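Sequence order for the protein chains is U and S. My numbering numbers the first residue of the first sequence as 1068 and each following residue consecutively. My numbering numbers the first residue of the second sequence as 1068 and each following residue consecutively.
No wet-lab data here; the hints were simulated from the structure. None of the hints are false.
Copies of the same chain look alike in the list, so a pair counts if it fits in one copy or across any two.
Straight-line Cα separation of at most 30 Å, BS3-like style, residue types lysine-lysine; simulated pairs:
#1 LYS1612 with LYS1175
#2 LYS1463 with LYS1612
#3 LYS1327 with LYS1088
#4 LYS1524 with LYS1384
#5 LYS1463 with LYS1586
Computed from a prediction, not measured in an experiment: that's the story for all the values here.
If you want the building blocks of each chain, they are given just below.
2 protein chains.
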Amino acid sequence: MKITLAQLSFHTGNFEGNTQKMLDALQLAKQEGSDLIVFSELATCGYPARDFLEFEDFIIKSKKCVADLAAQCFGIAAIVGSPEPNLKVEGKDLFNAAFFLEEGLVKKVVKKTLLPNYDIFDEYRYFEPNDEFSLIEYKGQKIALTICEDLWNLDENPMYVTTPMDKLIGFDPSVIINIAASPYSKTQIANRQNILKKNAIKYKLPVFYVNHIGAQTHLVFDGGSCVIEPNGVIFDELAYFEEDQKTYLIENGNIELINKLNTAIGNRNKLADLEQAMVLGIKQYFQKLNFKKAILGLSGGIDSALVTYLAVKALGKENVLPVMMPSEYSSSHSITDSIDLCNNLGLAYETISIEAVFNTFIDSLAPHFKDSSFGLAEENLQSRSRGVLLMGLANKHGYILLNTSNKSELAVGYGTLYGDMCGGLSVIGDLYKTEIFELCHYINRDIEIIPENILTKEPSAELRPNQKDSDSLPAYDVLDKILYYYIEEHLGPQQIIQKGFEEDLVKRILRMVNMNEWKRWQAPPVIRLSKKAFGPGRRVPISGKYLG
Amino acid sequence: MKITLAQLSFHTGNFEGNTQKMLDALQLAKQEGSDLIVFSELATCGYPARDFLEFEDFIIKSKKCVADLAAQCFGIAAIVGSPEPNLKVEGKDLFNAAFFLEEGLVKKVVKKTLLPNYDIFDEYRYFEPNDEFSLIEYKGQKIALTICEDLWNLDENPMYVTTPMDKLIGFDPSVIINIAASPYSKTQIANRQNILKKNAIKYKLPVFYVNHIGAQTHLVFDGGSCVIEPNGVIFDELAYFEEDQKTYLIENGNIELINKLNTAIGNRNKLADLEQAMVLGIKQYFQKLNFKKAILGLSGGIDSALVTYLAVKALGKENVLPVMMPSEYSSSHSITDSIDLCNNLGLAYETISIEAVFNTFIDSLAPHFKDSSFGLAEENLQSRSRGVLLMGLANKHGYILLNTSNKSELAVGYGTLYGDMCGGLSVIGDLYKTEIFELCHYINRDIEIIPENILTKEPSAELRPNQKDSDSLPAYDVLDKILYYYIEEHLGPQQIIQKGFEEDLVKRILRMVNMNEWKRWQAPPVIRLSKKAFGPGRRVPISGKYLG
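This is chain U alone, in the form it adopts within the complex (with noise of 0.2 Å):
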C-alpha cells in the first residue's frame, strides 16, 4: 500500500479554502499512485476551532467538506479529521471523529476516545469519548487508526483509564496511523517522539503520524508528520514548521519513501526552532486576519529588539515600522542602539518624543495628583503616552501593534496595562528574560543583528532617573528559575524553597504573580512556546487568596 502523509496548514472556519487545500493534495497523491492519504485531526474545520462546535451550522459545514473530499476518492482512499454529530440522545453532541474515506464514500468513521482537557485543550467541551474499537482493513493492511491523544497514556501517570492501543492490538493490526494537532512547545518536539516511538516499540508496528502545521493565534502547530518502525527508529519525518506531502510504500512489513528524500534525522537545534515558531506565528496571526503590516515601540532594550528581528522575518521589513519614543529619562544609548538595530535589519523608523503629551496629562491631572511625589501613576502616564500613541499610528494606517512583554515582566507584574502591555499579539510573552538573551545571542552567532550594547546594558523600563529592573526585582537569572518552578513545574512556595531559594524571596515573587493575574486577565495572546504558557492554558483566579 501506497501511503501519504499531507501535513498542511489549516484556517479555522475556512472551509472554502481548508477543503480547496485537501482536494488539490489529493490529487497530487493520485498522481504519484498512491492509494491512501492522510490529512490531520479536525482538518476540515481547523483546530482549535472552539466554540464555533457548539454551532450546528458549522458542523454540516464541516461534513459537507468530508463529503466533497469522498466524491474524489477514487482509485484512492483518505483519512480526515472532523466533528461528528453523536446519534444517541445521551452524551455530549458530538465525536472528534476520523472518517475513512473510499469510493466515494464515507466507509468508516473512528472516534476519539482519549479527549485532552488540560493545559490549552478543551476537548471534553465538546465531544464524547469513544468506547467502541475495530480496525480498518485497506489493500491487504489493517490499520489501527487513531486520533492525537489516544497514543498518549503511556506515561507513569497515565490521565485516562483507557488505552485505546491496548484495545485495537487484539484485532492483530499491521500498521497504526495517527492524525493529530499537537501544538509546539520548546519540550515536545521531543516528548512527541519519544511517545511516538514508545507505542512502536509497545505494539511492535510501524506508526504513520501526521501533524498539523501552522499558527492559531496563539497557538503554533509545528509539524513534524513522520514514521517510525516497529523497532522504535525514526525511519522519516516531513518538514518542521513549513507545509510537506511525502508518499510511502508500506510492502511485506518494510517501508520506503517514494516521492521525495529522506529527512536527516538528528538532534534538532531548539533555539532555531523556537525563532521558527515566533515567525510563524506572527506571519500567520496576520495573513489569516487579513493584515500586511505590523508596528511596534523600540524602547532600545533587547525585548523589542528580538520582536523587531522576528517580525521582520516573518513580515518583510517592508512591513515592519519600529517607532522610538523617548522621554526626558530616556538614555541616549535607547536611541542610538535602536538607530543601529534598524540599519542592521535594514529598516525605516519613526521617532515621537512622548514629552508633550506626558506632560499635558500631568498638567491635567495636577490638580487632581496635588502636592505627591513622582510615583507609578508617573510611570504608568509615560507607558500609556506610549501605548496610545502606537495605537493611533495603528488605527489610522492600519497597522497591527506587536506587543514586546516577556514573560518574567508578565509574571511579576513590570509592566503597564494599557501601556506597554498593548498589542494585538504577544510574541514573546511566553520566553523568560533569560532565554532572550540566549536567542538573541544565538541569532547573533554569524553577525551582529542585535547591537551588542542592548544584549549587555543593564536592563531598564526607563520610566524614572537611572531605574534598573534590578532595583525592583530580583536578578533575572534568580527570578526565572523560581518562576519556572512556579508556573512550569507547579511548585508551591515550600517545595520552591527546598530547592535552595530564601523564604523571603520565594513568597514575595509568588505573591507578585498571583496578586497580577487581573492585569494578565488583559493581556494580549501570548504566543505559547514553553508547557505552561499565560492566556487560555494557564486559568488562575483574579480574586484568589492562595499565596496572596
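Fit chain S to the supplied structure of chain U, relying on the hints for placement.
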C-alpha cells in the same frame, strides 16, 4: 434528624478564613441541637479554584481544612465539599468530593460523577468522574449524597451517559442531599428550582440543597439553598445573595423548620435579582482584592449612570468617584445630566477636560497622520485619553476603575480598546443595551434616581460632531435580538434570518461580532448575568474565518 443548611461565602484559597467560617457555623448548629450541618461544594478551597487545584500544596491545605472540621464533629456530623486525591494511578489526579465527618473522623468520601465542562465550567480539567455508588446511613436516615451537576442529567438531551440518582435509588435512600456551586444567571434560579423539583418527584424523596453565595471575579453565586418536598413543592428557601443558615427537623417523612421563619416562596422579581447580582459582584470583587474605592468615567449616558448607581449600592457613596471628561464634541447635557445623577445619589465628582491631552496627541501625531481626515483613529484617541486619565487617578489614589461597556457594544466592537474598554471589572458587560434601559426604568420605579433625560436621549459616543450610535448600528431592539440568537442561542446566520431579520443585516452583525474577538480577548472580566457571557464561558478563535 436535625439538618442544618449552611449557605456561606467562601474565598478561593483563603483556607484559614473558610475554615473559621465553617467552624463558627458548626458551633451555631451545635447550639441548636443539630445532628448534621451541610456546607457547599468545594467549600474548603472555594469555587472555582481553577488551576490552583494543580498545586499539591493547595490540595494539602484543603485536606487540612477538612481535618480541622472533622476534629470538631462530636455530637454533630458535617458534610463538606473538598478536593480529594485519586489514589489510583490511572485517571486524573483528583476527585471533586464530599466528606462525611462524624466523631472526629472522615467516615465517608462521596465523589462527583457528572463533571460540568461547558460554558464557564472546566471540571473535567481537574477531576476524575466517580463510578461507585452507595448511601450514607446516619441517625435513621439513608442519605443519597450528590454533588451539584449529579442531579442535572434529567433534560431531554442529557449531557452524560450516567445518571447518579438512578444508581443510588436502588439502595432505597430516604433523603437526597445535594451540595452545589451553581452560579447565578438571569435564567438559572428558575432552572435550578425546576431540576430540583424534577428530582424530588422522580425519586419521591425530599431534597436538601446547599449552594454557594458570593462572587469570584466574573461569577456570582446567588445562594437560594432550599428544601424540596417529595411532591416537588418547595418547602423552604434560604436567602438569596447573602449568607444564611437554617436548621430543619426531618422525621417520618415530615419536614419542619426549627430555627427561623419559613421564606415566603413566590415568583422572584428578575430585575431585583439582576441588580443584586451586580451589586454583590462589585462588593466581593473589592473585598477579596482588599480594595475599597472605585473610580469611573461618567459620560452622561445610561451605561455609566447605571454602573455609578450600582457601585454606590455596593461600596457606599463615600467610596465612588465619578469623573466627567468632556471634550469639544461633548453635548452640554452630558455634563448637566451627570451632575443631576450625582446629586440624586449624593455623590461628589471630579471634572477633567480631555481637550488639552487630545490636542497634544493630535499635535504629536500630526507629522505621521499627515493630511488624513478625522476618523476612527481620532475618535479612539479621545476615548484613550479618558482611559489614561482615569487610570492615572486610579494608580495615584488606589481606586479600581470600573468598566462601563455594555454587551451590545462589546459584541459588535463599538468601543475603544485601551479607552472605554479599560477597567478592572466590567459590571454591565453581560447586559444588552435594551436590558439596561429596562433595568434603569425599574430602578426609577419609585423616585427618579437616573435622570429622565439620560433615559430618553439618543445613545451617542460623542466622539465626533452630532454622532449617534444609530449612525453605525441598527436600532438596539433589532441588534440585541440578533445578538441574543447568535450568542446565547448559538443560532447560525440562516437560522437567524429565518426568524425574520434581513439577510444583509444579520451577516453584517455576525461578522462584526467575530471580527472583534481580538478586542474582547483583552476586555476586563465581565460579571456573568446570562447563560452566555463574554469571558471564560465563551471561547471563540480570534483568527477564525467562520462568518468572518
